[in-house]
Amino acid sequence: MKMKYAMKVIVFLTVLLLPFKSFGAENVNLIFVAAVSADDKGNGMRLPEGIACNDKSDVVVADSGNGRLLKYTFKNETLQGGSEIKPAQLSYPVIVQLNSKGEIFALDEKQRRVARLGADGAFEGFVETAGVPAPDTVVPRSFRVDSSDRIYICDIFGARVLIFDPAGKFVRQIPFPDNYGFISDLAVDPRGKIYLLDSVRAMIYTAAADATAFTPITKEMKEYMDFPVSITLDSRGVIYVVDKDGGNMSVIGQDGTFMGHQLQRGWKEGLLYYPSQFCIDDKGYFFIADRNNGRVQIFSMLK
Amino acid sequence: MNLRHKLILLFIVSGILCIAGIAGSQEQFNLKPGARGKVCLGCHVAFQDKLKSAFVHTPVKIGECTGCHSPHTSSHGKLLAAEPNKICLRCHKTIIPDSAVSSHKVVVEGNCVKCHDPHASANKFNLLKAGNELCFGCHKDMGDKVKSVKFKHNPVDKGCLNCHNPHASTKADFLLNDRVPSLCLGCHKTTNPLFQQKHMNYPVASAKCTTCHNPHGSNKGGILYDDVHPPVAQRMCNQCHEAPDSPNPFATKKPGFELCRGCHSTMINEALSKNKLHWPVLSKRGCLNCHNPHASSQSSLLKEPMVKLCGTCHADTIRRQEQSVTKHPPIQDGDCTVCHQPHASDNSMLFQQPSVINLCGTCHDWQKHSTHPVGEKYPDPRNKNLFVMCLSCHRAHGTPYKTMIPFATITDLCIQCHQQFKR
Numbered sequence: 024m025k026m027k028y029a030m031k032v033i034v035f036l037t038v039l040l041l042p043f044k045s046f047g048a049e050n051v052n053l054i055f056v057a058a059v060s061a062d063d064k065g066n067g068m069r070l071p072e073g074i075a076c077n078d079k080s081d082v083v084v085a086d087s088g089n090g091r092l093l094k095y096t097f098k099n100e101t102l103q104g105g106s107e108i109k110p111a112q113l114s115y116p117v118i119v120q121l122n123s124k125g126e127i128f129a130l131d132e133k134q135r136r137v138a139r140l141g142a143d144g145a146f147e148g149f150v151e152t153a154g155v156p157a158p159d160t161v162v163p164r165s166f167r168v169d170s171s172d173r174i175y176i177c178d179i180f181g182a183r184v185l186i187f188d189p190a191g192k193f194v195r196q197i198p199f200p201d202n203y204g205f206i207s208d209l210a211v212d213p214r215g216k217i218y219l220l221d222s223v224r225a226m227i228y229t230a231a232a233d234a235t236a237f238t239p240i241t242k243e244m245k246e247y248m249d250f251p252v253s254i255t256l257d258s259r260g261v262i263y264v265v266d267k268d269g270g271n272m273s274v275i276g277q278d279g280t281f282m283g284h285q286l287q288r289g290w291k292e293g294l295l296y297y298p299s300q301f302c303i304d305d306k307g308y309f310f311i312a313d314r315n316n317g318r319v320q321i322f323s324m325l326k
Numbered sequence: 221m222n223l224r225h226k227l228i229l230l231f232i233v234s235g236i237l238c239i240a241g242i243a244g245s246q247e248q249f250n251l252k253p254g255a256r257g258k259v260c261l262g263c264h265v266a267f268q269d270k271l272k273s274a275f276v277h278t279p280v281k282i283g284e285c286t287g288c289h290s291p292h293t294s295s296h297g298k299l300l301a302a303e304p305n306k307i308c309l310r311c312h313k314t315i316i317p318d319s320a321v322s323s324h325k326v327v328v329e330g331n332c333v334k335c336h337d338p339h340a341s342a343n344k345f346n347l348l349k350a351g352n353e354l355c356f357g358c359h360k361d362m363g364d365k366v367k368s369v370k371f372k373h374n375p376v377d378k379g380c381l382n383c384h385n386p387h388a389s390t391k392a393d394f395l396l397n398d399r400v401p402s403l404c405l406g407c408h409k410t411t412n413p414l415f416q417q418k419h420m421n422y423p424v425a426s427a428k429c430t431t432c433h434n435p436h437g438s439n440k441g442g443i444l445y446d447d448v449h450p451p452v453a454q455r456m457c458n459q460c461h462e463a464p465d466s467p468n469p470f471a472t473k474k475p476g477f478e479l480c481r482g483c484h485s486t487m488i489n490e491a492l493s494k495n496k497l498h499w500p501v502l503s504k505r506g507c508l509n510c511h512n513p514h515a516s517s518q519s520s521l522l523k524e525p526m527v528k529l530c531g532t533c534h535a536d537t538i539r540r541q542e543q544s545v546t547k548h549p550p551i552q553d554g555d556c557t558v559c560h561q562p563h564a565s566d567n568s569m570l571f572q573q574p575s576v577i578n579l580c581g582t583c584h585d586w587q588k589h590s591t592h593p594v595g596e597k598y599p600d601p602r603n604k605n606l607f608v609m610c611l612s613c614h615r616a617h618g619t620p621y622k623t624m625i626p627f628a629t630i631t632d633l634c635i636q637c638h639q640q641f642k643r
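In order, the protein sequences belong to chains W and X. The number in the working numbering is simply the position in the first sequence, starting from 1, with 23 added. The number in the working numbering is simply the position in the second sequence, starting from 1, with 220 added.
Take these hints with a grain of salt, some might be off.
Derived CB-CB ranges, DEER-like [claimed, not checked]:
#, chain 1, residue 1, chain 2, residue 2, range
1, X, 593, W, 100, 34 to 44 Å
2, X, 582, W, 125, 43 to 53 Å
3, W, 213, X, 485, 40 to 50 Å
4, W, 259, X, 362, 51 to 61 Å
5, W, 100, X, 471, 53 to 63 Å
These are computed hints drawn from the structure, not numbers from a lab. Even for Gly, the Cβ is constructed at its ideal location relative to N, Cα and C.
The whole structure should be built from the sequences, with the hints applied where relevant.
So this is what it looks like as structure tokens:
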């Protein structure tokens with residue numbers, strides 16, 4: 024009897040406290056931690072567009088203007104190392120990802136292909152699109168590797184998201200939503216739910232892991248964003264969007280509610296100038312490729 | 221009840237309401253019997269001539285000046301009984317139907333007097349001017365074009381209202397009385413053998429005529445838009461489309477840019493060899509994001525004037541220029557390609573040149589307006605990985621401040637780097 028009563032109390036308190044949990048996103052506040060603008064030899068980055076991080080403290084930067092990748096370790100709130108990875112097969116990397124084995128994936132804008140490199144940076148090949156339904160041509164604007172190492176390619180030519188298994192074999196596709204403006208990026212949460220970012224309409228669409236179509240979770244947010252280009256989620260499911268033209272980051276609740284802005288445009292440390300890709304590690308650090316400032320910046324969430 | 225009966229009933233109800241309104245206003249102002257408009261005309265004698273016009277607004281005709289004016293005092297000019305932009309709607313409530321697809325801006329704003337004389341006029345519907353002359357008063361460019369084109373569209377000469385509703389349309393954009401092609405098919409019979417021959421037997425009755433034809437007239441035969449895609453001019457529709465008797469005759473033979481690459485291979489291959497792409501080129505719509513494949517009134521078959529076209533995606537950038545105190549001439553002149561490559565580039569921001577300083581230098585001799593050092597020898601004190609250049613102090617698409625600087629004052633700008641002068 025006592026047990027039943029205790030359960031009722033727990034359920035009651037859970038319901039009571041639920042709103043406080045959902046308000047958590049409002050409290051997001053990013054503080055500057057560090058900025059890095061060179062490799063381990065002191066050679067400066069040039070227009071870095073991509074960045075990826077994992078829970079093993081690996082950080083890979085697509086130093087796009089120099090046509091190379093840089094590999095760092097995040098330790099004591101600073102990026103250490105910065106060894107150059109420059110395979111001949113890679114021309115102009117713009118978006119990078121790491122899988123659970125530490126393998127590096129990089130989208131080459133010039134070749135419009137996703138390259139797969141070993142954890143040591145050795146080139147292993149390109150993600151092939153054989154077996155993909157018509158059209159045969161695939162133009163990846165962006166891609167993601169999820170926690171199960173599945174690969175999701177945002178194919179703007181076919182207006183679809185292509186899903187491949189960890190070995191690179193085609194699994195299925197989901198068409199872009201109707202009336203989209205221009206899809207620039209996507210994100211995937213741990214449950215396999217896909218988030219699609221529309222830069223022109225400043226909207227986000229989602230598709231559950233088993234869904235066959237995308238549905239919008241936000242209205243047009245053009246009053247809050249200029250030209251959003253990169254989307255990522257944190258461990259709580261809060262959505263973050265980097266606005267390239269606006270030079271800031273928007274925070275969006277799980278239900279699609281706009282929660283506020285973080286960061287500002289500028290040149291000094293802590294400010295952004297035409298930022299592009301960003302990632303969030305398991306400890307809540309934000310790593311942002313601050314493209315036109317020629318650097319990578321790290322922020323932590325004020326708790 | 222058929223339409224005729226409905227209209228008669230509507231007329232009777234309107235009449236009753238009008239009389240009730242007049243009776244109401246008479247009661248409101250406690251006018252002497254038979255006074256009404258006559259009292260007003262006792263002072264406003266110049267109105268006597270106006271009332272002799274061919275078309276007189278009904279309330280004026282029956283001497284109901286108090287329908288629109290307050291005889292004693294008013295919070296509005298001309299002693300109007302309500303706000304000038306709302307007074308007409310008191311009677312003409314449904315001038316913009318709830319189901320309107322498009323509506324005329326002046327009507328939405330309540331500027332009825334831009335077209336109508338509220339008292340009387342020599343023209344039907346109390347219009348200020350007769351026929352197209354009234355429309356071309358505002359739509360001057362259109363008027364000039366219509367008059368100057370070699371090949372005219374007959375209904376345009378006869379009157380804009382042949383195709384457009386002056387207030388609102390419940391059926392189509394651009395105030396059109398019906399959608400295209402239904403509107404066009406009212407006059408043009410697609411079963412005519414000559415018509416079919418001209419259209420290479422493609423079933424154009426279901427196509428959008430205005431993708432090729434300029435409904436306001438043109439200098440090209442067949443009133444095609446002035447810039448015609450050569451395959452269209454040569455009637456080689458099947459160069460891009462499936463055969464006219466195929467199940468899907470308007471389908472293109474290849475998707476996206478791959479179709480255009482058949483002829484424009486040099487240009488597309490060159491674009492694909494660059495580091496940076498304008499991604500929409502390779503999207504599903506490909507070249508059609510910016511170009512009309514058949515004909516256009518813009519050069520290079522652009523769908524719209526460049527600033528408007530670029531602004532469909534980059535609205536924030538174009539808006540910044542519009543709100544900028546100092547205007548950047550290339551944008552104001554509508555030529556984004558002075559600085560940017562529209563397809564692809566090896567340079568950041570799809571710039572035409574690798575060096576921003578050289579790019580700006582094509583128009584600006586910076587030494588003449590500033591002696592501030594710029595170039596790779598001069599690191600930006602705010603960020604050692606950058607060097608001082610034009611965009612260190614200016615935003616090319618404008619800012620709310622003079623000379624396109626990103627800070628409210630020049631002092632605020634200078635102390636970003638020269639912090640020793642900060643007070």
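Here is how each hint holds up against the structure:
1. 593/X with 100/W: 34 to 44 Å: holds, 36 Å
2. 582/X with 125/W: 43 to 53 Å: holds, 47 Å
3. 213/W with 485/X: 40 to 50 Å: For residue 213/W and residue 485/X the Cβ distance comes to about 45 Å; the hint holds.
4. 259/W with 362/X: 51 to 61 Å: Holds: the Cβ-Cβ distance is about 56 Å, inside 51 to 61 Å.
5. 100/W with 471/X: 53 to 63 Å: With Cβ atoms ~57 Å apart, the hint holds.
The structure meets every hint from the earlier list without exception.
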